[in-house]
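Engineer: Chains F and U are the protein sequences, given in the same order.
All residue numbers for the first sequence refer to my numbering, where the first residue is 34 and numbers rise by one.
All residue numbers for the second sequence refer to my numbering, where the first residue is 12 and numbers rise by one.
Read the hints as simulated data drawn from the structure, not as lab findings.
Note that the structure is a prediction, hence the values are computed from the model and not measured.
Hints are supplied without guarantee of correctness; some may be wrong.
Stated by the list, open to error - Pairs of lysine to any residue residues, derived as SDA-like cross-links and limited to a Cα-Cα distance of at most 25 Å, are as follows:
| id | chain 1 | residue 1 | chain 2 | residue 2 |
| --- | --- | --- | --- | --- |
| 1 | U | K261 | F | N90 |
| 2 | U | K235 | U | E288 |
| 3 | U | K211 | U | E288 |
| 4 | F | K88 | U | K235 |
| 5 | F | K88 | U | W155 |
| 6 | U | K206 | F | L106 |
| 7 | F | K46 | F | A170 |
| 8 | F | K88 | U | K211 |
The primary structure of each chain is shown beneath.
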Amino acid sequence: MNKRIVYTDSTEKTHELGECLGRNVSANMVFLMEGDLGAGKTTLTQGIARGLGIKRNLTSPTFTILKIYHGRLTLYHIDGYRLEGVHQDLGFEELLEDDGLTVIEWAQYLEELIPEEYLKICIRLLENDIREFTFEAVGSRYEELLEVLP
Amino acid sequence: MTMILAIETSCDETACAVVKDGKEILSNIVSSQINVHTMYGGVVPEVASRIHVENISAVIEEAVRESGVRMEDIDAIAYTQGPGLIGSLHVGVQAAKTLALLYDKPLLPVNHMCGHIYANSFVSELKFPLMALVVSGGHSELVWMEDEWHFEVIGTTFDDAIGEAYDKVARVLGLGYPGGPIIDKMARNGKPHYKLPVPKTAGRYDFSFSGLKSAVLQLIEREKKQGNVIVTEDVAYAFQETALYSMVSKTVDAVKTYQPKMIVLAGGVAANSRLREMMRQEMEQIPETELVIPPMYCCTDNAAMIGAVGYIAWKHQEFGSFRDSADPGLTMPGEIN
Numbered sequence: 034m035n036k037r038i039v040y041t042d043s044t045e046k047t048h049e050l051g052e053c054l055g056r057n058v059s060a061n062m063v064f065l066m067e068g069d070l071g072a073g074k075t076t077l078t079q080g081i082a083r084g085l086g087i088k089r090n091l092t093s094p095t096f097t098i099l100k101i102y103h104g105r106l107t108l109y110h111i112d113g114y115r116l117e118g119v120h121q122d123l124g125f126e127e128l129l130e131d132d133g134l135t136v137i138e139w140a141q142y143l144e145e146l147i148p149e150e151y152l153k154i155c156i157r158l159l160e161n162d163i164r165e166f167t168f169e170a171v172g173s174r175y176e177e178l179l180e181v182l183p
Numbered sequence: 012m013t014m015i016l017a018i019e020t021s022c023d024e025t026a027c028a029v030v031k032d033g034k035e036i037l038s039n040i041v042s043s044q045i046n047v048h049t050m051y052g053g054v055v056p057e058v059a060s061r062i063h064v065e066n067i068s069a070v071i072e073e074a075v076r077e078s079g080v081r082m083e084d085i086d087a088i089a090y091t092q093g094p095g096l097i098g099s100l101h102v103g104v105q106a107a108k109t110l111a112l113l114y115d116k117p118l119l120p121v122n123h124m125c126g127h128i129y130a131n132s133f134v135s136e137l138k139f140p141l142m143a144l145v146v147s148g149g150h151s152e153l154v155w156m157e158d159e160w161h162f163e164v165i166g167t168t169f170d171d172a173i174g175e176a177y178d179k180v181a182r183v184l185g186l187g188y189p190g191g192p193i194i195d196k197m198a199r200n201g202k203p204h205y206k207l208p209v210p211k212t213a214g215r216y217d218f219s220f221s222g223l224k225s226a227v228l229q230l231i232e233r234e235k236k237q238g239n240v241i242v243t244e245d246v247a248y249a250f251q252e253t254a255l256y257s258m259v260s261k262t263v264d265a266v267k268t269y270q271p272k273m274i275v276l277a278g279g280v281a282a283n284s285r286l287r288e289m290m291r292q293e294m295e296q297i298p299e300t301e302l303v304i305p306p307m308y309c310c311t312d313n314a315a316m317i318g319a320v321g322y323i324a325w326k327h328q329e330f331g332s333f334r335d336s337a338d339p340g341l342t343m344p345g346e347i348n
């Protein structure tokens with residue numbers, strides 16, 4: 034199985050979903066997140082941070098493009114929002130080779146960074162705060178991760 | 012007499028200043044890149060750091076020349092260590108270290124946000140205990156200062172910074188970058204036509220703007236679906252009133268509880284005309300706390316403010332070392348790491 038769809042209906046449920054991922058993620062993984070403004074990318078990443086045992090509150094990385102948090106694994110939170118149409122060497126490749134977890138929001142604007150294997154998470158805001166999370170695993174390590182999802 | 016040379020490159024301004032005794036600005040040179048980044052709808056990190064590299068030498072040279080102070084008479088080099096864009100910060104850090112090494116001067120690493128708070132010291136003597144509302148593209152924080160060298164973050168945003176919310180809403184409305192001044196101006200002609208939900212947070216003094224941003228998007232979608240014309244001014248008005256009121260009311264609540272001698276606004280969003288007006292109105296009920304609203308030139312990034320903090324760091328002997336590096340996520344003392 035390489036695809037799963039999960040729905041949440043509140044911020045708390047989205048945090049719980051992220052936490053579940055964060056608890057089970059292993060070193061050197063990459064998550065790609067896609068979804069419109071306000072879809073819930075940062076909210077899900079907040080949950081992932083909690084699952085990694087990160088105490089500090091995770092906030093949007095849009096302004097600085099990269100934020101780093103230390104927990105069970107180091108979390109590299111990258112945001113491509115400002116990088117649409119810009120091709121540049123940001124030196125982020127070395128982060129992906131590190132033993133942390135890299136979460137990339139607006140990954141479509143950072144194509145050169147996308148590795149061969151990854152977990153892609155597409156988020157859609159439906160009506161009444163219901164959000165649809167489509168998880169697509171590329172690579173066996175990520176397929177195993179799908180098993181832990183609620 | 013203490014002379015501090017200060018360097019600031021945390022985002023898109025290359026800046027250098029010479030400040031005497033933390034109070035007197037002898038020179039304050041700022042080279043802005045805003046026109047370059049407007050093209051891209053935001054600051055582009057690699058472009059920013061490349062322009063910093065091109066500008067830094069000339070900016071330092073000009074600041075020293077204009078101050079009339081010889082490098083030999085400078086007591087210490089202050090620089091912004093963080094928070095900010097990693098590539099941009101590096102340029103300032105390297106310049107500071109180079110000068111320190113060349114002229115054998117001590118280094119004073121400074122937190123950029125502390126700099127924004129201290130920008131107010133150029134217009135009014137800071138009185139402690141003090142509360143600061145620090146608002147910018149990357150930050151929204153309530154900072155409690157018992158004394159001049161003690162920073163405690165008592166409230167912060169749980170998702171987007173206020174300036175970022177302005178930028179994103181402006182982009183959705185097709186208004187361009189930076190979003191703050193444009194929305195501020197449009198909202199002046201707006202009417203209370205749309206209603207947006209008041210942001211909710213778990214912490215009493217915390218902020219949240221992500222939900223409000225989503226609500227603006229949903230509002231636009233809904234209006235479009237119903238075939239209604241979206242009145243941009245009214246959306247700007249609804250967004251600005253809701254965002255600022257939630258922030259100002261929490262700030263006033265904190266002032267009532269903590270009872271500081273002074274409350275100061277700081278950071279780029281402190282330039283917002285409605286925020287300034289709202290703070291004046293709301294603070295009328297607490298006349299015992301003095302409100303300081305910084306002049307416009309203090310709100311934007313500059314190096315004089317780094318010099319002001321550098322002077323306090325100098326007084327407290329908080330010197331840095333050559334091993335220190337740029338820290339994009341640098342926290343103020345009192346913030347959880």
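Engineer: Each hint should be assessed against the structure and marked as holding or not.
Structural biologist: Hints, one by one, checked against the model:
For the hint linking K261 (chain U) to N90 (chain F), the alpha-carbon distance of about 19 Å falls within 25 Å, and the restraint holds. About 33 Å separates the Cα atoms of K235 (chain U) and E288 (chain U), which puts this hinted pair outside 25 Å; it is violated. Annotation: proposed proximity of K211 (chain U) to E288 (chain U) holds, straight-line Cα distance about 23 Å (limit 25 Å). Among the hinted pairs, K88 (chain F) with K235 (chain U) is inconsistent with the structure: their alpha-carbon atoms are about 41 Å apart, more than 25 Å.
A distance of roughly 21 Å separates the Cα atoms of K88 (chain F) and W155 (chain U); the hinted pair therefore holds under the 25 Å criterion. Our distance criterion of 25 Å between C-alpha atoms is broken by K206 (chain U) and L106 (chain F), whose separation comes to about 42 Å. Note on K46 (chain F) and A170 (chain F): the hinted pairing holds, with a Cα-Cα distance of about 21 Å set against a maximum of 25 Å. Proposed proximity of K88 (chain F) and K211 (chain U) is supported: the alpha carbons are some 21 Å apart, at most 25 Å.
Figure legend: structure checked against the earlier numbered hints; hints not met, in rising order: 2, 4 and 6.
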